[in-house]
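Chains A and B are the protein sequences, given in the same order.
Heads up: the first sequence begins at 1 in my numbering, then just goes up one per residue.
Heads up: the second sequence begins at 351 in my numbering, then just goes up one per residue.
Be aware that a few hints might be false.
[Unchecked claim] Below, in silico cross-link-like pairs of lysine-lysine (DSSO-like), each with a Cα-Cα straight-line distance of 27 Å or less: (1) A:LYS333 x B:LYS412; (2) A:LYS119 x A:LYS333; (3) A:LYS333 x A:LYS199; (4) A:LYS333 x B:LYS390; (5) B:LYS390 x A:LYS67; (6) B:LYS391 x A:LYS67; (7) A:LYS333 x A:LYS67; (8) B:LYS390 x B:LYS631; (9) B:LYS412 x B:LYS446; (10) A:LYS214 x A:LYS199; (11) B:LYS390 x B:LYS404; (12) A:LYS333 x B:LYS391; (13) A:LYS199 x A:LYS236; (14) A:LYS333 x B:LYS446; (15) B:LYS404 x B:LYS391; (16) A:LYS199 x B:LYS412; (17) B:LYS390 x B:LYS412; (18) A:LYS214 x A:LYS236.
[Said to hold, decoys possible] Label pairs and their calculated CB-CB ranges: (19) B:ARG487 x A:LYS214: 13 to 23 Å; (20) B:LEU364 x A:ARG196: 57 to 67 Å; (21) A:GLU91 x B:ARG487: 31 to 41 Å; (22) A:ALA158 x B:GLN632: 34 to 44 Å.
[Unchecked claim] Far from chain B, by Cβ distances over 12 Å, these chain A residues were calculated: (23) ASP114; (24) ALA115; (25) GLY116; (26) LYS119; (27) GLY122; (28) ASN123; (29) ALA156; (30) TYR205; (31) ALA218; (32) ARG311; (33) GLU335; (34) ALA346.
Rather than coming from a laboratory, the hints here were simulated on the basis of the structure.
Every residue gets a Cβ at the ideal spot worked out from N, C-alpha and C, and that includes glycine.
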Amino acid sequence: MRKAGFLATAALVTALVAGQAAAEEIRVLNWQGYGTDEAWATEFFEAQTSITVVHDYFNSEQEMLTKLRTSPGAYDVVLINSAFTQQAADEGLIQAIDPSTISNFVDLAPGLRDAGEFKLAGNLYGVAWTWGLTSIAYDYTEVEPTGTINILWDPAYAGRVALRDDSVENIYIAALATGQNMNDPQDLDAIREKLRALKPQLRTYWASEDEWNKEFAADTFDVASYWSGSASRSAKTFGMPVGFLIPAEGAIAWLDGLSIAADAPNPEGAAQFIDFMVSAYHYMRWDTEVGAPASANAAVMNALPASAFNRQVLGNPAATANLQFMAPLSDEKRELFLEIWEETKAYYAE
Amino acid sequence: MRVETRRRWAIFGLTGPAYLWLTITIFLPLSAMLYFSFQKKGPFGKHASEFTLKHYEAFFTKDYLQALTWRSLEMGFHVTLLCALIGFPAAYVLAKRIKGRWREALFLLVVLPFWSNALVRIFSWTIVLRPDGILDRAVHLVAPGLPPVDLTDSYTAIIIGLTHSYLPYMILTCYLSLQAIDDSVIEAARSLGARAHTILWRIILPLAIPGLAAGSVLIFVPVIGSFFEPKLLGGTQGAMIGTVIEEQFTVVSNWPLGGALSFILLAIVLLILAVSSPFLKQHMRSQ
Numbered sequence: 001m002r003k004a005g006f007l008a009t010a011a012l013v014t015a016l017v018a019g020q021a022a023a024e025e026i027r028v029l030n031w032q033g034y035g036t037d038e039a040w041a042t043e044f045f046e047a048q049t050s051i052t053v054v055h056d057y058f059n060s061e062q063e064m065l066t067k068l069r070t071s072p073g074a075y076d077v078v079l080i081n082s083a084f085t086q087q088a089a090d091e092g093l094i095q096a097i098d099p100s101t102i103s104n105f106v107d108l109a110p111g112l113r114d115a116g117e118f119k120l121a122g123n124l125y126g127v128a129w130t131w132g133l134t135s136i137a138y139d140y141t142e143v144e145p146t147g148t149i150n151i152l153w154d155p156a157y158a159g160r161v162a163l164r165d166d167s168v169e170n171i172y173i174a175a176l177a178t179g180q181n182m183n184d185p186q187d188l189d190a191i192r193e194k195l196r197a198l199k200p201q202l203r204t205y206w207a208s209e210d211e212w213n214k215e216f217a218a219d220t221f222d223v224a225s226y227w228s229g230s231a232s233r234s235a236k237t238f239g240m241p242v243g244f245l246i247p248a249e250g251a252i253a254w255l256d257g258l259s260i261a262a263d264a265p266n267p268e269g270a271a272q273f274i275d276f277m278v279s280a281y282h283y284m285r286w287d288t289e290v291g292a293p294a295s296a297n298a299a300v301m302n303a304l305p306a307s308a309f310n311r312q313v314l315g316n317p318a319a320t321a322n323l324q325f326m327a328p329l330s331d332e333k334r335e336l337f338l339e340i341w342e343e344t345k346a347y348y349a350e
Numbered sequence: 351m352r353v354e355t356r357r358r359w360a361i362f363g364l365t366g367p368a369y370l371w372l373t374i375t376i377f378l379p380l381s382a383m384l385y386f387s388f389q390k391k392g393p394f395g396k397h398a399s400e401f402t403l404k405h406y407e408a409f410f411t412k413d414y415l416q417a418l419t420w421r422s423l424e425m426g427f428h429v430t431l432l433c434a435l436i437g438f439p440a441a442y443v444l445a446k447r448i449k450g451r452w453r454e455a456l457f458l459l460v461v462l463p464f465w466s467n468a469l470v471r472i473f474s475w476t477i478v479l480r481p482d483g484i485l486d487r488a489v490h491l492v493a494p495g496l497p498p499v500d501l502t503d504s505y506t507a508i509i510i511g512l513t514h515s516y517l518p519y520m521i522l523t524c525y526l527s528l529q530a531i532d533d534s535v536i537e538a539a540r541s542l543g544a545r546a547h548t549i550l551w552r553i554i555l556p557l558a559i560p561g562l563a564a565g566s567v568l569i570f571v572p573v574i575g576s577f578f579e580p581k582l583l584g585g586t587q588g589a590m591i592g593t594v595i596e597e598q599f600t601v602v603s604n605w606p607l608g609g610a611l612s613f614i615l616l617a618i619v620l621l622i623l624a625v626s627s628p629f630l631k632q633h634m635r636s637q
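One chain only, chain A, in its complex shape (with noise of 0.2 Å):
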């Protein structure tokens, strides 16, 4: 039995070692203050396996799209969310992950895990992480919401909504609220009306969650659009008085994968840091000490406490009934919709 044990600790060694002489470094290409960068994250890394992690951050996808095609050999893991990894594996910026190399992918729900857009030609090229969704945020102590999405048009918050200046998402949430598929919106000068609609209401427009948090805590506004896991942050971290509202015309959902880099200097390192990701402790970590998103591990989601907002509000299966998930945007209707956007943006300035 000691014997035993004696082996195993030196196999670990062994393994630790090998490791370390293989590589010593792996690059990670994230949004800043997303979970990869924690600094007790990276140290247990680092302390388990001898690597250490080294950071860049992109502040848009495009952003993120053009560091992989200009720095090629530059990155080993990269954050991309799954509506642009079937873009970036077909242009050749990540690499096929094989699924037995992530000792956690067995705990990952199925339904996030096995997701279509993660995969090209049979091949997996995004580890699924974390998911939330795009929905409304208010001010509990304000806002007493009635479970629709028109409380953005409602005249009681006049001058007092703000969204994220994002053409996407803006037209999606227009989309639900005319009652249309947000992935394939047929009425568009229907969406241009509902959004024309919110000149009144519209204070202004966000652009990070620190903005968020700034203009929320001088009372700039009541409502406004907002990504579930800031809002968990919001609320938990800084203690505002954030509520989250999953209308039922439906709330935009998101999924982000992380993937392998196609010149990656370090794939088994890589391969190493997603496992560590998605596994039980960094999850648990992450969403007690800072605030996360929902986890796509569907273990760790179940062994949250019952009071977490992730567990209270992204758990509650009759809120999350009438999710849409972001599907992939092609080039021309991304500049549609930046266009319709603009258009508006103008009109709201006159």
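Mind docking chain B on chain A? Use the hints.
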């Protein structure tokens, strides 16, 4: 002949590096952008090169692009005018009324904004202009009964921020023009009985026109293309042609449309300069 040749080589050697540098840093990227503005797609992804005029046509067929361009031109006009109204008297005082140490100290204050990052300057304005911000508190210290002063997310905020950012250009260019005016000219006018406002309108202003014009160009051109100041200070009033151009590059990687809109803006600037230069030349000749 030998001296002539040597001189020619000296001129070539001295100016060559500068022209080479300008060619590489300005001409090459600009011509690449001009090329892409006539392409159907940008430089990324797999597709064949295809010539099109549709990005230039977009400007003439889409009303909101023209409306936003007009908004940006208006913004440029307002900022330039404010900079002239504030900057010219400041430059006059610096050039003609203050001497020695004080002038150095005031110059330092004028140039000081240049030493801080433009983004930091704009963010600090959001702290000043917001409700319960520095301006709000100052106003209520003097007049406690007034409603809260909130200038954030407004056109006024954009103008304030941009004027602050670009004012030093106007002060410095006007200062150089005013400094060059011989004091004896003013004294002569005074001794011949000209009044203060006559001296200002008939002597000082005409002689300072080169400075005012240079300052105006230096301010107007970047202001009409500005994007982060309107975005950060303007809220829903922040939509400008500059923000549209920025979003073509950062949101949809639509380099062709972004490039085409930039060149249209450049053409408008050149047109404005072409129209105003005869007027300016005439003024300078009449001196």
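We went through each hint and held it up to the structure:
{"no.": "1", "hint": "A:LYS333 x B:LYS412", "in the structure": "holds (17 Å)"}
{"no.": "2", "hint": "A:LYS119 x A:LYS333", "in the structure": "holds (22 Å)"}
{"no.": "3", "hint": "A:LYS333 x A:LYS199", "in the structure": "holds (24 Å)"}
{"no.": "4", "hint": "A:LYS333 x B:LYS390", "in the structure": "holds (15 Å)"}
{"no.": "5", "hint": "B:LYS390 x A:LYS67", "in the structure": "holds (22 Å)"}
{"no.": "6", "hint": "B:LYS391 x A:LYS67", "in the structure": "holds (19 Å)"}
{"no.": "7", "hint": "A:LYS333 x A:LYS67", "in the structure": "holds (22 Å)"}
{"no.": "8", "hint": "B:LYS390 x B:LYS631", "in the structure": "violated (42 Å)"}
{"no.": "9", "hint": "B:LYS412 x B:LYS446", "in the structure": "violated (51 Å)"}
{"no.": "10", "hint": "A:LYS214 x A:LYS199", "in the structure": "holds (23 Å)"}
{"no.": "11", "hint": "B:LYS390 x B:LYS404", "in the structure": "holds (8 Å)"}
{"no.": "12", "hint": "A:LYS333 x B:LYS391", "in the structure": "holds (14 Å)"}
{"no.": "13", "hint": "A:LYS199 x A:LYS236", "in the structure": "violated (32 Å)"}
{"no.": "14", "hint": "A:LYS333 x B:LYS446", "in the structure": "violated (60 Å)"}
{"no.": "15", "hint": "B:LYS404 x B:LYS391", "in the structure": "holds (11 Å)"}
{"no.": "16", "hint": "A:LYS199 x B:LYS412", "in the structure": "holds (21 Å)"}
{"no.": "17", "hint": "B:LYS390 x B:LYS412", "in the structure": "holds (18 Å)"}
{"no.": "18", "hint": "A:LYS214 x A:LYS236", "in the structure": "holds (15 Å)"}
{"no.": "19", "hint": "B:ARG487 x A:LYS214: 13 to 23 Å", "in the structure": "holds (18 Å)"}
{"no.": "20", "hint": "B:LEU364 x A:ARG196: 57 to 67 Å", "in the structure": "holds (60 Å)"}
{"no.": "21", "hint": "A:GLU91 x B:ARG487: 31 to 41 Å", "in the structure": "violated (53 Å)"}
{"no.": "22", "hint": "A:ALA158 x B:GLN632: 34 to 44 Å", "in the structure": "violated (53 Å)"}
{"no.": "23", "hint": "ASP114", "in the structure": "holds (28 Å)"}
{"no.": "24", "hint": "ALA115", "in the structure": "holds (24 Å)"}
{"no.": "25", "hint": "GLY116", "in the structure": "holds (22 Å)"}
{"no.": "26", "hint": "LYS119", "in the structure": "holds (20 Å)"}
{"no.": "27", "hint": "GLY122", "in the structure": "holds (22 Å)"}
{"no.": "28", "hint": "ASN123", "in the structure": "holds (19 Å)"}
{"no.": "29", "hint": "ALA156", "in the structure": "holds (19 Å)"}
{"no.": "30", "hint": "TYR205", "in the structure": "violated (7 Å)"}
{"no.": "31", "hint": "ALA218", "in the structure": "violated (6 Å)"}
{"no.": "32", "hint": "ARG311", "in the structure": "holds (34 Å)"}
{"no.": "33", "hint": "GLU335", "in the structure": "violated (5 Å)"}
{"no.": "34", "hint": "ALA346", "in the structure": "violated (4 Å)"}
Of the numbered hints stated above, those contradicted by the structure are hints 8, 9, 13, 14, 21, 22, 30, 31, 33 and 34, listed in ascending order.
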